[in-house]
Structure formats: structure tokens, C-alpha cells
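A.B. asks: The lines below spell out each chain.
2 protein chains.
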Amino acid sequence: MTSLKNDIFIKALLKQPVDRTPVWMMRQAGRYLPEYRQVREQAGSFLKLCTNPELACEVTLQPLRRFDFDAAILFSDILTIPDAMGLGLYFTEGEGPKFKYPVRTAADIDKLPVPDPEVGLRYVVDAVRLIRKNLQGSVPLIGFSGSPWTLATYMVEGGSSKSFQNVKGLMYEQPGLMHIMLDKLAQSVAAYLNAQIAAGAQAVMLFDTWGGMLNSEDYLEFSLHYAKQVRALLKTEVDGLRVPTILFTKGGGLWLESMADAGYDALGLDWQTDIRQARARVGGKVALQGNMDPVALYAKPEIIAEKVKSILDKYGAGSGHVFNLGHGILPDINPEHVKAMVDTVRQYSPIYHQSI
Amino acid sequence: MTSLKNDIFIKALLKQPVDRTPVWMMRQAGRYLPEYRQVREQAGSFLKLCTNPELACEVTLQPLRRFDFDAAILFSDILTIPDAMGLGLYFTEGEGPKFKYPVRTAADIDKLPVPDPEVGLRYVVDAVRLIRKNLQGSVPLIGFSGSPWTLATYMVEGGSSKSFQNVKGLMYEQPGLMHIMLDKLAQSVAAYLNAQIAAGAQAVMLFDTWGGMLNSEDYLEFSLHYAKQVRALLKTEVDGLRVPTILFTKGGGLWLESMADAGYDALGLDWQTDIRQARARVGGKVALQGNMDPVALYAKPEIIAEKVKSILDKYGAGSGHVFNLGHGILPDINPEHVKAMVDTVRQYSPIYHQSI
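First to last, the protein sequences are chains A and B. Note that the first sequence ends on residue 355 in our numbering; no numbers are left out. Note that the second sequence ends on residue 355 in our numbering; no numbers are left out.
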């Protein structure tokens with residue numbers, strides 16, 4: 000068992016005292032870094048980068064060499080599970096992810112397997128093992144998966160969507176089929192995250208990127224219900240240490256009270272949600288992660304510092320906050336601006352963590 | 000003064016008793032109707048259709064010939080004001096609206112005029128007059144405008160945007176300039192809506208399509224503040240009759256309490272917001288308009304009927320609800336499905352309007 004040199008990310012998720020607010024950034028291993036673009040080019044394609052554990056490890060570690068992040072996050076794609084289910088993931092320039100064999104019929108759903116992660120997703124599990132080893136206990140490693148609902152949207156639409164017409168059509172017209180599919184996905188996601196935990200992930204995050212496209216009732220029934228099912232199946236203690244869990248629904252600000260009851264240790268907040276109000280609404284049940292607007296990173300460093308301070312001020316005193324963006328960093332951000340964000344969190348946040 | 004044959008839309012907005020819930024539909028004059036597509040083709044372009052009062056009148060009236068809608072809405076574009084300010088609106092196939100001269104500098108903002116609607120927007124005012132005349136008092140006519148913030152996003156970005164990087168950049172780095180621009184827009188929007196009211200609009204709606212892209216604090220300062228300013232400048236009594244006002248912020252579900260204090264008679268709700276909870280949150284201050292997911296109109300008529308009933312059930316008894324979608328109808332919806340929605344509202348809603 001490796002003890003962590005820096006465990007404030009884990010402690011903050013568990014609401015244990017820390018001396019400053021931890022910070023990491025969604026998509027911190029990504030296109031805004033020239034060294035990432037170089038490895039991406041060498042790999043030949045995004046998918047080749049994801050499926051090669053050595054390269055995935057390399058790009059996972061890159062941002063930690065530049066910035067004082069308090070956590071690493073596995074570099075991978077959110078659509079690895081549907082790919083392992085046989086849907087044939089591929090990427091087209093400018094159009095994002097696509098599936099060769101989208102799910103449309105009862106027969107399609109019936110034949111969906113629950114993939115064994117050590118077989119069909121072995122490249123991810125291997126990447127986790129390798130990253131964990133290379134981190135040498137410096138900071139914790141976050142594993143992740145797309146949520147059942149979010150995976151289902153891509154699987155039924157065959158890729159990205161604006162209106163979500165096919166997946167909502169299935170949900171409205173054949174809710175029973177939709178539930179069968181989501182149940183298989185919940186089992187698959189739980190097995191996938193458990194394999195990441197077994198391989199060394201020290202915290203896990205569920206990305207529900209498209210839960211916010213549902214109405215309140217359908218969100219509870221078709222998205223949050225399966226996030227709960229995933230949570231219930233997770234093995235979140237390893238060698239006596241807790242593996243904290245984070246649930247992030249983009250556009251989920253209306254439903255924080257329900258999300259806080261889903262069993263996760265922390266909720267990710269998008270930037271629209273006021274973190275002061277969010278903290279009051281979840282009533283101490285969960286930690287909060289977020290939530291600066293990714294677009295604020297285009298601004299001058301002085302402005303970025305102001306925006307960071309404003310979020311730290313709104314969260315206020317005490318543990319239970321992990322600083323992050325409200326969504327992934329945009330690909331054309333100047334890395335110096337990320338430094339301004341991280342430095343401000345480190346320099347300014349200690350005032351909110353003084354013992355009385 | 001014409002008295003309306005059907006005024007339940009106006010009454011519901013003012014929370015006066017009605018015998019059924021009124022219904023209309025955002026973008027009810029639009030591409031899902033074959034007769035619209037025919038006129039659009041004759042016109043040669045979308046802009047020519049908007050700027051020709053006879054054609055705009057014709058397409059405004061088309062949906063009323065098919066469906067029992069309780070209101071007509073002016074057919075126009077939300078970007079008429081920036082065009083009248085000299086920004087040079089044009090449309091490209093598949094990419095949406097663009098401006099030849101986007102606003103980027105202090106000098107650009109300084110030279111923005113507040114257009115006189117009877118001059119630069121005469122074609123809209125003429126269309127309102129013509130539609131009002133042709134409606135012959137059957138149902139009320141709704142006038143509308145984009146909100147100052149939403150207009151500003153297009154003006155600074157030069158068109159549609161995913162990240163809103165330029166307009167947020169201006170807002171973060173030069174908030175004073177942004178306020179000058181929004182103040183001019185608020186004056187322009189108020190003058191424009193007042194001209195529509197003077198020409199015969201019997202209710203007006205402010206479309207804040209992109210307010211939901213802001214964080215809570217910035218929403219209040221840069222979007223809602225100017226919606227309030229517009230409202231304060233509106234002349235909402237004509238010949239002793241109230242002209243009700245509706246404020247719609249897509250993605251604004253988190254901020255309903257603040258929106259309810261902005262002086263509008265009603266709030267438009269997107270489909271994510273639960274209308275039962277929304278009614279409780281606004282505490283009787285405003286009527287509510289909405290909020291079926293536009294995607295539900297792809298479903299079978301029986302399912303559409305269920306979804307409509309569920310929304311009527313959630314709003315519950317009493318006046319103060321105008322049935323609508325939570326956003327505009329999508330262009331490939333079968334008109335028969337719209338009929339299923341409208342018929343269900345008419346047939347099912349009277350149970351919620353029985354006097355005790």
C-alpha cells in the first residue's frame with residue numbers, strides 16, 4: 000500500500016480538514032498543451048492514443064509536470080464501454096465520436112453484453128496500473144466513466160446529438176427497453192470502475208454529460224436512478240482506504256438535492272450553479288467540486304485570479320471543496336492562464352482552512 | 000378598440016379565471032409546416048420573408064388555420080435590432096445567422112445607435128399592423144424581441160457560438176463597456192417592443208435564449224438587470240387594456256425566484272424545469288408558460304397526450320398557466336403531432352378550471 004505524499008484531494012472529498020483547497024481540471028490532459036498535441040500526432044489518432052497504455056500514461060502525467068495539480072485523471076474516452084460492447088467507435092474530423100452499429104431495436108439491446116473490463120477494456124485497466132505506478136504516490140489518480148444515461152445517448156444516436164431525438168424517442172415510446180439497456184450499462188459501468196479501482200484508481204468520477212437534457216422527472220428515472228445503481232455496486236474501500244466517488248451532471252443544478260442523496264461523496268457543479276447556494280442546498284451531505292466557467296480562462300491572468308477568488312469566497316470556510324472548472328478546458332486556452340488559476344487557488348485558499 | 004373573441008391567453012397571463020388552459024407554440028409559424036416552406040421558397044430567402052410584411056403576415060396566420068392555438072406570434076427574426084443598428088445580418092446555409100460587422104471594440108460600441116423602430120424596423124411594425132388587422136380579433140397577437148444579453152452575444156460573436164468566448168471576454172475584461180452596450184440594447188429593445196405594442200401587439204415576450212450560459216452572478220448583472228430595464232420602459236396599457244409581458248430565459252430554471260421579481264407578468268419555462276416546483280418557487284407572483292420537451296413531439300400521438308396531461312397535472316388547478324413547448328418546435332415534426340398536443344390541452348385542461 001502506497002501512502003500518498005499529497006492527499007488533500009481525497010481528504011477534501013471526504014470533508015476532512017485540509018490546509019488549502021485542492022485543485023485539478025477536467026480535461027487537464029488535453030489539446031491546450033503543446034506536449035499533448037505532439038504525442039497525439041505521434042499516436043496517429045485519438046483512439047490510438049486512448050488504447051495505448053504507455054501513451055495514455057504519458058499524456059496523463061504531462062499536466063502534472065507543468066502545474067501543481069492535486070490529482071491526476073486517467074486519460075481515456077467516455078465511450079470505451081459502448082466500444083467494448085461491439086458498437087464500433089470511430090472518430091470523424093470535426094464531427095466527434097460515431098458508432099458504426101448504433102442501438103435502435105429490442106434485438107440490438109438484447110444482444111448488448113456486459114463487458115468484462117479485464118478483457119475488452121484491458122487497455123484502460125493497464126493504463127491505470129501504469130499511471131498509478133508512475134505517479135509514485137505523488138498525487139491520487141482519478142478513474143472515470145460516462146454515466147449509463149450519457150453512454151445510452153451516444154449509443155442510440157450513433158454519436159453526438161443536438162436534439163437527442165432517437166434516445167428520447169426510445170425512452171418515451173419503449174421505456175421498458177430503455178430500462179433494460181440502462182440496467183446493462185449500470186452493471187458495465189460499475190464493473191469498469193471497480194476494475195479501475197482494483198488497478199489503482201484512488202477516486203472515481205461519473206460523467207453525466209447529457210443528464211441536463213432531460214426534464215426533472217425523466218432525469219430521476221433514466222439518469223440518476225442508474226447513477227445510484229452504479230454507486231451501490233462500487234467497491235470503495237481498498238486496503239482500508241476509502242475511494243471517494245464524484246457525480247457530475249452537466250446542467251444538473253436544478254436537481255442537486257436529489258443528487259446529494261445518490262450515495263456519492265461529492266457532486267461536480269457546472270459553472271451556472273452558484274456554489275454558495277449549492278452548498279446550502281446539499282446541506283453538508285456531500286463535498287462539491289467546481290465550478291469556474293471554462294471560458295474565463297481566456298481572460299487576462301488578473302481577471303482569472305479574481306474569478307477564482309470569487310468561487311473560493313462563495314464556498315467559504317471549511318473542507319469539502321475541490322476547485323475545478325465547471326466543464327472541460329477548451330482546446331485553445333493559453334497554458335499560462337491555467338497556471339494563474341492553479342496558483343491563485345494555492346495562494347488564496349489557505350485563509351478558508353485555518354483551524355480556529 | 001377591438002374586443003377579442005378569444006382572450007384566454009391574455010387572461011391566463013394575468014391570472015384571471017379561464018375555462019381551459021390556453022396553448023400556443025414557440026416557432027409555431029415555421030418549417031414543420033409545408034405551407035410555410037412553400038412561402039419561404041417563394042420569398043427566396045429567410046431574410047426576405049422576414050422583411051416583407053405581407054409574407055410575414057401570411058406565415059404568422061398559417062398555423063392558426065390548422066390548429067386551435069389561442070395566440071398568434073409575429074413571424075420575425077430575433078436579430079432585427081442589431082441589423083437595424085448597422086451590423087449587416089445575413090444567413091449562411093447550415094451555419095445560422097451572421098453579422099458582417101461584429102462589435103468588438105469600444106469604438107464599435109460607441110457608434111451603436113438606438114434605432115427608431117418606425118424607421119429602421121418599419122417592416123416589423125408594418126407586419127404587426129397587418130397581422131393584427133387580418134386576425135380580426137380572433138386571438139391576440141404576441142410581439143417579441145431578443146433580450147439585450149442574447150442580442151449582445153450574437154453581436155459580439157458575429158453569429159451563433161458554442162463557447163461565447165468573445166462576448167464573455169468583453170464581459171470579464173471590460174465590464175463597463177459591456178454595460179454601455181447592454182444599456183443601448185435595453186433602450187432599443189424597449190422602443191422596439193413599444194412600437195410593436197402601438198402597432199397592435201397585445202402581449203410581448205422577451206427571448207433570452209443565451210442567459211443560461213452565464214453563471215448565476217453574471218446572469219443577474221448582465222442579463223436579468225437589462226430585462227428589468229426593458230420592462231420598466233414598456234408601455235403596457237393600451238386603451239385601458241393590459242398588455243401582458245413574458246420573460247423566457249432558456250436554461251434559467253435556477254433563477255426563477257429572481258426572474259419572478261423582474262416585473263413581468265409571466266415566465267417562460269424550458270422543459271428541464273419541473274412546472275410544479277416552479278409554481279411553488281415563484282409563489283403566485285407570475286404566470287407560467289411552458290414546458291413540454293420539443294422532442295416529445297416526435298413520439299406517437301398517444302404518448303404526446305400523456306406528456307401534455309402530465310404537465311397540466313403538475314401545474315394543477317387554477318389560472319396562470321399557458322401551455323407551450325419548453326423551446327421552439329423542431330423543423331421535422333409531423334403537424335399531426337402538433338394537433339395531438341393542442342387537442343389534448345383543449346380537451347383535458349377544463350378539469351383544472353372548474354369554479355368551486
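Everything labelled a hint here was simulated from the structure, so no lab data went into it. Everything numeric in this text was worked out from a predicted model, so none of it was measured. One or more of the hints may lead you astray.
Copies of the same chain look alike in the list, so a pair counts if it fits in one copy or across any two.
[Unchecked claim] Listed below are the simulated SDA-like cross-link pairs for lysine to any residue, each with C-alpha atoms no more than 25 Å apart in a straight line:
no.: 1; residue 1: K99; residue 2: S215
no.: 2; residue 1: K183; residue 2: G283
no.: 3; residue 1: K338; residue 2: G168
no.: 4; residue 1: K183; residue 2: T104
no.: 5; residue 1: K110; residue 2: K313
no.: 6; residue 1: K284; residue 2: Q173
no.: 7; residue 1: K308; residue 2: G211
no.: 8; residue 1: K99; residue 2: K234
no.: 9; residue 1: K284; residue 2: G43
no.: 10; residue 1: K308; residue 2: E34
no.: 11; residue 1: K161; residue 2: Y89
no.: 12; residue 1: K284; residue 2: A42
A.B. asks: All hints, please: hold or fail.
C.D. replies: Hint-by-hint comparison with the structure:
no.: 1; hint: K99 <-> S215; verdict: neither (31 Å within a copy, 40 Å between copies)
no.: 2; hint: K183 <-> G283; verdict: neither (32 Å within a copy, 44 Å between copies)
no.: 3; hint: K338 <-> G168; verdict: between (44 Å within a copy, 18 Å between copies)
no.: 4; hint: K183 <-> T104; verdict: within (15 Å within a copy, 54 Å between copies)
no.: 5; hint: K110 <-> K313; verdict: neither (49 Å within a copy, 38 Å between copies)
no.: 6; hint: K284 <-> Q173; verdict: neither (35 Å within a copy, 39 Å between copies)
no.: 7; hint: K308 <-> G211; verdict: between (27 Å within a copy, 22 Å between copies)
no.: 8; hint: K99 <-> K234; verdict: neither (33 Å within a copy, 57 Å between copies)
no.: 9; hint: K284 <-> G43; verdict: neither (45 Å within a copy, 59 Å between copies)
no.: 10; hint: K308 <-> E34; verdict: neither (29 Å within a copy, 55 Å between copies)
no.: 11; hint: K161 <-> Y89; verdict: both (19 Å within a copy, 23 Å between copies)
no.: 12; hint: K284 <-> A42; verdict: neither (43 Å within a copy, 59 Å between copies)
Hints 1, 2, 5, 6, 8, 9, 10, 12 from the list above are not met by this structure, while the remaining hints are.
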